[in-house]
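Participant: Okay, here's what each chain looks like letter by letter:
Protein chains: 2
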Amino acid sequence: MLTKLGERAKKAERFLMTASAAQKNEALSFIAEALVENTQYIIEENRKDIAAAREKGMSESMIDRLMLDEKRISGIADATRELIGLADPVGRVISGTTRPNGLVIEKVTVPLGVIAVIFEARPNVTVDAAALCLKSGNAVILRGGKEAINSNMAMAKIMRQAIARAGLPEDCIQLVKDTSRESATALMKMNGYVDVLIPRGGAGLISACVQNSTVPVIETGTGNCHIYVDKYADINKAVEIIYNAKTSRPSVCNACESLVIHKDVAETVLPLIKERLDEKGVIIHADKRAGAIISGCIDATEEDYAREYLGYEISVKVVDSLEEAAEHIMTYTSGHSECIISESYTAAREFTSKVDAAAVYVNASTRFTDGGEFGFGAEIGISTQKLHARGPLGLPELTSFKYIVYGNGQIR
Amino acid sequence: MLTKLGERAKKAERFLMTASAAQKNEALSFIAEALVENTQYIIEENRKDIAAAREKGMSESMIDRLMLDEKRISGIADATRELIGLADPVGRVISGTTRPNGLVIEKVTVPLGVIAVIFEARPNVTVDAAALCLKSGNAVILRGGKEAINSNMAMAKIMRQAIARAGLPEDCIQLVKDTSRESATALMKMNGYVDVLIPRGGAGLISACVQNSTVPVIETGTGNCHIYVDKYADINKAVEIIYNAKTSRPSVCNACESLVIHKDVAETVLPLIKERLDEKGVIIHADKRAGAIISGCIDATEEDYAREYLGYEISVKVVDSLEEAAEHIMTYTSGHSECIISESYTAAREFTSKVDAAAVYVNASTRFTDGGEFGFGAEIGISTQKLHARGPLGLPELTSFKYIVYGNGQIR
Numbered sequence: 000m001l002t003k004l005g006e007r008a009k010k011a012e013r014f015l016m017t018a019s020a021a022q023k024n025e026a027l028s029f030i031a032e033a034l035v036e037n038t039q040y041i042i043e044e045n046r047k048d049i050a051a052a053r054e055k056g057m058s059e060s061m062i063d064r065l066m067l068d069e070k071r072i073s074g075i076a077d078a079t080r081e082l083i084g085l086a087d088p089v090g091r092v093i094s095g096t097t098r099p100n101g102l103v104i105e106k107v108t109v110p111l112g113v114i115a116v117i118f119e120a121r122p123n124v125t126v127d128a129a130a131l132c133l134k135s136g137n138a139v140i141l142r143g144g145k146e147a148i149n150s151n152m153a154m155a156k157i158m159r160q161a162i163a164r165a166g167l168p169e170d171c172i173q174l175v176k177d178t179s180r181e182s183a184t185a186l187m188k189m190n191g192y193v194d195v196l197i198p199r200g201g202a203g204l205i206s207a208c209v210q211n212s213t214v215p216v217i218e219t220g221t222g223n224c225h226i227y228v229d230k231y232a233d234i235n236k237a238v239e240i241i242y243n244a245k246t247s248r249p250s251v252c253n254a255c256e257s258l259v260i261h262k263d264v265a266e267t268v269l270p271l272i273k274e275r276l277d278e279k280g281v282i283i284h285a286d287k288r289a290g291a292i293i294s295g296c297i298d299a300t301e302e303d304y305a306r307e308y309l310g311y312e313i314s315v316k317v318v319d320s321l322e323e324a325a326e327h328i329m330t331y332t333s334g335h336s337e338c339i340i341s342e343s344y345t346a347a348r349e350f351t352s353k354v355d356a357a358a359v360y361v362n363a364s365t366r367f368t369d370g371g372e373f374g375f376g377a378e379i380g381i382s383t384q385k386l387h388a389r390g391p392l393g394l395p396e397l398t399s400f401k402y403i404v405y406g407n408g409q410i411r
Numbered sequence: 000m001l002t003k004l005g006e007r008a009k010k011a012e013r014f015l016m017t018a019s020a021a022q023k024n025e026a027l028s029f030i031a032e033a034l035v036e037n038t039q040y041i042i043e044e045n046r047k048d049i050a051a052a053r054e055k056g057m058s059e060s061m062i063d064r065l066m067l068d069e070k071r072i073s074g075i076a077d078a079t080r081e082l083i084g085l086a087d088p089v090g091r092v093i094s095g096t097t098r099p100n101g102l103v104i105e106k107v108t109v110p111l112g113v114i115a116v117i118f119e120a121r122p123n124v125t126v127d128a129a130a131l132c133l134k135s136g137n138a139v140i141l142r143g144g145k146e147a148i149n150s151n152m153a154m155a156k157i158m159r160q161a162i163a164r165a166g167l168p169e170d171c172i173q174l175v176k177d178t179s180r181e182s183a184t185a186l187m188k189m190n191g192y193v194d195v196l197i198p199r200g201g202a203g204l205i206s207a208c209v210q211n212s213t214v215p216v217i218e219t220g221t222g223n224c225h226i227y228v229d230k231y232a233d234i235n236k237a238v239e240i241i242y243n244a245k246t247s248r249p250s251v252c253n254a255c256e257s258l259v260i261h262k263d264v265a266e267t268v269l270p271l272i273k274e275r276l277d278e279k280g281v282i283i284h285a286d287k288r289a290g291a292i293i294s295g296c297i298d299a300t301e302e303d304y305a306r307e308y309l310g311y312e313i314s315v316k317v318v319d320s321l322e323e324a325a326e327h328i329m330t331y332t333s334g335h336s337e338c339i340i341s342e343s344y345t346a347a348r349e350f351t352s353k354v355d356a357a358a359v360y361v362n363a364s365t366r367f368t369d370g371g372e373f374g375f376g377a378e379i380g381i382s383t384q385k386l387h388a389r390g391p392l393g394l395p396e397l398t399s400f401k402y403i404v405y406g407n408g409q410i411r
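Keeping their order, the protein sequence lines are chains A and B.
Heads up: the first sequence at position 92 corresponds to 91 in numbering that gives the first Met the number 0, and the numbers run straight through without jumps.
Heads up: the second sequence at position 177 corresponds to 176 in numbering that gives the first Met the number 0, and the numbers run straight through without jumps.
Don't read these hints as lab results, they were simulated from the structure.
Possibly wrong hints are sitting among the right ones.
Which copy is meant is left open, because identical chains are indistinguishable; a pair holds if it fits in one copy or across any two.
Calculated lysine-lysine pairs in the DSBU-like style (CA-CA distance at most 35 Å, straight line) [stated by the list, open to error]:
hint: 1; residue 1: Lys-10; residue 2: Lys-55
hint: 2; residue 1: Lys-70; residue 2: Lys-353
hint: 3; residue 1: Lys-10; residue 2: Lys-236
hint: 4; residue 1: Lys-230; residue 2: Lys-106
hint: 5; residue 1: Lys-10; residue 2: Lys-188
hint: 6; residue 1: Lys-47; residue 2: Lys-236
hint: 7; residue 1: Lys-47; residue 2: Lys-106
hint: 8; residue 1: Lys-262; residue 2: Lys-70
hint: 9; residue 1: Lys-9; residue 2: Lys-106
hint: 10; residue 1: Lys-47; residue 2: Lys-273
hint: 11; residue 1: Lys-9; residue 2: Lys-236
hint: 12; residue 1: Lys-188; residue 2: Lys-106
hint: 13; residue 1: Lys-236; residue 2: Lys-156
hint: 14; residue 1: Lys-262; residue 2: Lys-3
hint: 15; residue 1: Lys-145; residue 2: Lys-3
hint: 16; residue 1: Lys-279; residue 2: Lys-9
hint: 17; residue 1: Lys-106; residue 2: Lys-353
hint: 18; residue 1: Lys-262; residue 2: Lys-9
hint: 19; residue 1: Lys-188; residue 2: Lys-3
Only a predicted model underlies this, so the values are computations on that prediction, with no experimental measurement involved.
The shape of chain A in the complex, shown without the other chains:
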């Protein structure tokens, strides 16, 4: 069954590859329109998912993630419309050269081809991912979670009809209706049909994709983000940035999970940080040296240094030097976002050179690692691997390139 899906996607890809920006933008605008027009239908289908979730005893916060209402659907439509204004990432000449023998070699962006997106309960991803793939000229195969299957099917159907109205093949957007584990595993092995697999979801899903996929994967997501308070830190900046990075939205991957404090400022800064984090009831897992300065902490274990709490918890370690801080961070980093708070030019330069992650900050909250905040206009996830793309994945990251070589009879 999935092979058929793959064949159809490959055919659609061929069409989409040479579609004009105007045609793709028209399709996006039709999608947005159709979603709004069919709001009631989507809500009805979504209610089936909600009812099933309630029956299975899903938590209210999970049900909230699943829920679609008029406002949310109009938000999804708006996000789709926003893509229209962004530059078309396909057909951009990245570079070019004329060789001594007269060959002109141009490097030009092209779509990746067929992108498979495996995601979990949030139904908005269905439209998000499809719209980003469409804009970047990629056919998409969506495989959402079973919790949202009715909502996803409704939205996929609406999107397929909308793009057909714009003269694009419906199969540019396909949804896998089988939500079994087997269908996900089959997608991971569809070499020849799927060019790239992007998992969007929790650590379990991502690791399953990395372990089982034979098609190339862009790993997204987990963030054990550190903030290092240097000897030369502006204490006030440190406290406010840490408060923001930990508590403004603790459930996301760019939230701060670990603090590293230089010994020379630990006695000054730790009580102030504790006081501020106490406002939100943040649990602090402190090493011995930090625990001796601030009370009411839990002893930090090795596991704590590696954990992505995704909640009101944080680990703290006191170090003797920037060197030790960088060493600690490089041991436990998930390669997402790392930050130094320092007024020292030399310390800032040393930190940004020694610490390797998708985003390395000086004196700013790690919460800025986000396609919107980086000015990309949209993102399909945040890559924590080094191959292909790192950090927020915007439209350019959904493209590859080809070399076009213009000759007049050259032989070698």
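Starting from the structure of chain A, add chain B where the hints point.
Facilitator: Frame of chain A, contents of chain B only:
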């Protein structure tokens, strides 16, 4: 055992990440020097491999690939020295922006980290791959074939000593001494230690890596390259380019394997092509229409259209239109190099837009798909996948990037 290797590579990577271009270049020059100085030692070790190969009845052409002599070793040293003059690919600011809130975001190239290279019998790859990885700031784990183990061990030892003299950790270059299939499989699963795996060798090796690897792979190599002779072709250019692309070096991946001929020129061009290819005794697998024009051909099967002959054989198909040509090519392409011969502006543009491959040519031999010919100075292979890099992999393709974000207290 391999875990230890991985740990050492990760440690070396950390050092290499911040090594200066001058230091890496000094190490390259020491490697070249040491290889020449130790020529006799390398030849002695290589003789052990040759003797073992003879005993096992290896073919003379394979033995020739394995063999190292004074001239070849000096050639390897020269290739290493040539890297010194190339621009350092690390630390390049690709782009940068200042956000409305004052954050300055820079996108800067960094090494990929630890690269594992699995390769087959050619011992020159040992130095080639190590030198390219070193120049691009990556630690490398080399896993060569058992046929060349003595030669590889000798050269790895010499290189490790040479880079230590330049103040770099020896573990920037490591060779897996265990040449069993198990060691290759273990390398493919070393997530957390190996950032990228590059297989260099035949289709079997590459497919084993794609199938089994859980670390990201850059797929290299197979080339079923087509040349399409358009209705508006300059017949003379067509014949000379085809002769060059097929016969100048038929064993390589950028050699032409398949011809597609427009029906309007088939009767004129096919006899001329046949005459020219006959000079080298090229076997032609022709479809019915081509076979009706030229005699002495073998009937082409479906398999022929997909085959990479890597020898003096070629398939031919006659088509009714450029559209059909593009369709045929996209069905059988391995995504390496494809070419149109045409004097028509419109046909050239249509072909380069509809045909998707690492390199798409107009009126030039597919043999130019090569790092040296593209002006890259060096290459570690030719990628036929779309993720990360496509076509010849030069030094820039051995890097990733990170975002460095400069703030002054920004919170979100």
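Participant: First find the shortest C-alpha distance between Lys-70 and Lys-353 inside one copy, then the shortest across copies, and answer within, between, both or neither for a cut-off of 35 Å.
Facilitator: neither (45 Å within a copy, 41 Å between copies)
Participant: Under a CA distance limit of 35 Å, which applies to Lys-9 and Lys-236: within one copy, between copies, both, or neither?
Facilitator: between (52 Å within a copy, 33 Å between copies)
Participant: Is it within a copy, between copies, both, or neither that the alpha carbon of Lys-10 lies no farther than 35 Å from that of Lys-55?
Facilitator: neither (39 Å within a copy, 48 Å between copies)
Participant: Between the shortest in-copy and the shortest cross-copy C-alpha distance, which are at most 35 Å for Lys-262 and Lys-9: within, between, both, or neither?
Facilitator: Between copies, since 27 Å is at most 35 Å while 58 Å is not.
Participant: Given a CA cutoff of 35 Å, do Lys-188 and Lys-106 count as a within-copy pair, a between-copy pair, both, or neither?
Facilitator: both (30 Å within a copy, 33 Å between copies)
Participant: Is it within, between, both, or neither for Lys-10 and Lys-236, if the alpha carbons may be no more than 35 Å apart?
Facilitator: Close across copies (33 Å), not inside one copy (54 Å); limit 35 Å.
Participant: Measure nothing new, just compare the shortest in-copy and cross-copy C-alpha distances for Lys-145 and Lys-3 to 35 Å and report within, between, both or neither.
Facilitator: Within one copy, since 21 Å is at most 35 Å while 42 Å is not.
Participant: Quick one: Lys-236 to Lys-156, C-alpha cut-off 35 Å, is that within a copy, between copies, both, or neither?
Facilitator: neither (49 Å within a copy, 50 Å between copies)
Participant: First find the shortest C-alpha distance between Lys-106 and Lys-353 inside one copy, then the shortest across copies, and answer within, between, both or neither for a cut-off of 35 Å.
Facilitator: both (32 Å within a copy, 16 Å between copies)
Participant: With identical chains, the pair Lys-9 and Lys-106 could be close in the same copy or across copies; at 35 Å between alpha carbons, which is it: within, between, both, or neither?
Facilitator: both (23 Å within a copy, 33 Å between copies)
Participant: With 35 Å as the alpha-carbon cut-off, assign the pair Lys-47 and Lys-106 to within, between, both or neither.
Facilitator: neither (49 Å within a copy, 45 Å between copies)
Participant: For Lys-262 and Lys-3, with the copy left unspecified, which applies at a CA distance of at most 35 Å: within, between, both, or neither?
Facilitator: Between. Shortest inter-copy distance 33 Å satisfies the 35 Å Cα cut-off; intra-copy 61 Å does not.
Consistency note: the structure conflicts with the earlier hints numbered 1, 2, 6, 7, 8, 10, 13, 16.
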